[in-house]
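J.: Assemble chain Y onto chain X, guided by the hints.
Protein chains: 2
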Amino acid sequence: MAALSTEFGDLVQIKKQLIYVITLCKERGLVHSVKWASELAFALDPLPINQLPPSPPFTEEDAQDLDALGLAKSYFDLKEYDRAAYFLRGCRSQKAYFLYMYSRYLSGEKKKDDETVDSLGPLEKGQVRNEALRELRVELSKKHQAGELDGFTLYLYGVVLRKLDLLKEAVDVFVEATHALPLHWGAWLELCNLITNIEMLKALSLPDCWIRDFFLAHMYTELQMIKEALQKYQSLIDAGFSKSTYIISQIAVAYHNIRDIDQALSLFNELRGQDPYRIENMDTFSNLLYVRSMKPELSYLAHNLVEIDKYRVETCCVIGNYYSLRSQHEKAALYFQRR
Amino acid sequence: MAALSTEFGDLVQIKKQLIYVITLCKERGLVHSVKWASELAFALDPLPINQLPPSPPFTEEDAQDLDALGLAKSYFDLKEYDRAAYFLRGCRSQKAYFLYMYSRYLSGEKKKDDETVDSLGPLEKGQVRNEALRELRVELSKKHQAGELDGFTLYLYGVVLRKLDLLKEAVDVFVEATHALPLHWGAWLELCNLITNIEMLKALSLPDCWIRDFFLAHMYTELQMIKEALQKYQSLIDAGFSKSTYIISQIAVAYHNIRDIDQALSLFNELRGQDPYRIENMDTFSNLLYVRSMKPELSYLAHNLVEIDKYRVETCCVIGNYYSLRSQHEKAALYFQRR
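Chains X and Y are the protein sequences, given in the same order. Counting from 1, position 179 in the first sequence corresponds to residue 179 in the UniProt record's numbering; the numbering is continuous, with no gaps. Counting from 1, position 56 in the second sequence corresponds to residue 56 in the UniProt record's numbering; the numbering is continuous, with no gaps.
One thing to keep in mind: the hints can contain errors.
Heads up, the list lumps identical chains together, so a pair's fine if it works in one copy or across two of them.
[Unchecked claim] Think about it this way: if two alpha-carbon atoms lie no more than 16 Å apart in a straight line, the pair counts; the simulated EDC-like pairs of lysine to aspartate or glutamate are:
id	residue 1	residue 2
1	Lys26	Asp77
2	Lys16	Asp150
3	Lys142	Glu27
4	Lys295	Glu139
5	Lys79	Asp114
Don't read these hints as lab results, they were simulated from the structure. Since we're looking at a predicted model, the values are computed, not measured.
Looking at chain X on its own, in the form it has when it is part of the complex (with noise of 0.2 Å):
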């Protein structure tokens, strides 16, 4: 189960790979796939200049666009989704047809959360829902229904489907998505966090893409199959990505979850060697910190990442870490709050 799907052997073509997806998705305002891509793409050899992918195809379609999606895309980076919607809605490109989609979409999520903040128990917090995703179910559905989804457009759509608590018809599409477009990270991701057991991981039909091995070890982590997991990630680095920040940190998680503190701590401290300003998985690595009782190491993590970024949820449970093992109780549970 642990050998990889292809040979890894050609990971300069691996890398244009990269390149060029992250173009694709910088363009649609998917900023954590890019982040992901981004991340794995460093973690290669770089290219000759005379080896770079060149830019994605720009058809007639997009230069009728261009102007359009051009505003539209400077309001959603101010994060006005609802204006650039309207500037968007009457584009017939693929990519402007997402970020049509997509603005909609960011604008409910936006609302919905405004609509958080100002509504007061934790009750009344749960039912506040995104009203942009009835209609934008409908609309994709019908595109769907005539194959008129890219690679793109699936994965929101699966999205919006997953945010309605449609999690069957989601999976589907979010396969649909990885076959579409194997590369775009963010569908395999929400694949993780739908398939919950080895059976339903089994039935799937996913592409023959060396992503897929990422997809699986991710897997394999969260379903606690770690022997498997650990397997998949040693092939990878094997293969060539030693140097990749997000497997050493997917690696450290692993062994934190079977409770192999020694290993995950040493991998933890290669991690903030490699990506010293690093925030995510640190919560993880304070736990370790706070079993072992390394006061001075947690104290240090506390105090770095309070220096970073005090907001992030990672940074209030590392400090709630530290208070918990200066036995500051009170202050502690303050702070595991605030997650």
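T.: Then chain Y, alone, in the frame of chain X:
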């Protein structure tokens, strides 16, 4: 004084310049300058696909920095500025250097804002300062003396000087920035905020570029030289920028400033027609509706803006005017305070 610097004969050329500078600003995370240039580009006729400007030059240094820059930009876009700066520290290209320094600047701004949220009194608030400014000034000043700053880093240097209250030096550096890269609106806008009288304006030696007319018109509005401002804007409209929502909004504000309420109302209504999800300047619009006691219109505007984004300062001001007109003065005061 209202004559235009150039003939504006070649709107195609201007459009190409705008598309080009949009790319440059995007790569550097200068979202407001991207927006300004995109709005203006949108107001001009579209270019056929074979007339689009080529991508900015891509040097050997850019190729070497590609992976680090891509990674750093993905962190930058997620507001992880320290992390972005860390991965840019070894880069050599001009673009990477700008993003390196700009990340450090924005990291300081973010931390300052976090401190301000935490601090209590308004007095204390004013004393919180961006801690990165001094170091940035020292480093940029050295590079400046060596003549190594490009248009974007000159702009950043000016911002740093302005934030350190070194206003005279800041003006000189912003003027230098407009010469190095006339198309970057951000530098002109900074000048607008620093020039406080007509003598200062006349003493400036500015580059001969069409964008200077936009600056002068803006400047005249700020200096309450409304007649000159309106002449300038009219000549820009005659030159081919009649569809620019930026110009329409500027003229509307100018009429508001001289209390020509009918003209101003008419232009704001035109603006709302073209850009119905716009929030900027709607506070000014609501002042006019208030003065004219136009209850239904003000009510409609207020409800509309609440629907779009209820937390924007402009929205709070519109709601304040709305409650004032309904003689609910306590509620009105509450919303005016939020600004």
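J.: Go through the numbered hints given earlier and state which of them the structure violates, listing their numbers in rising order.
T.: 2, 3 and 4
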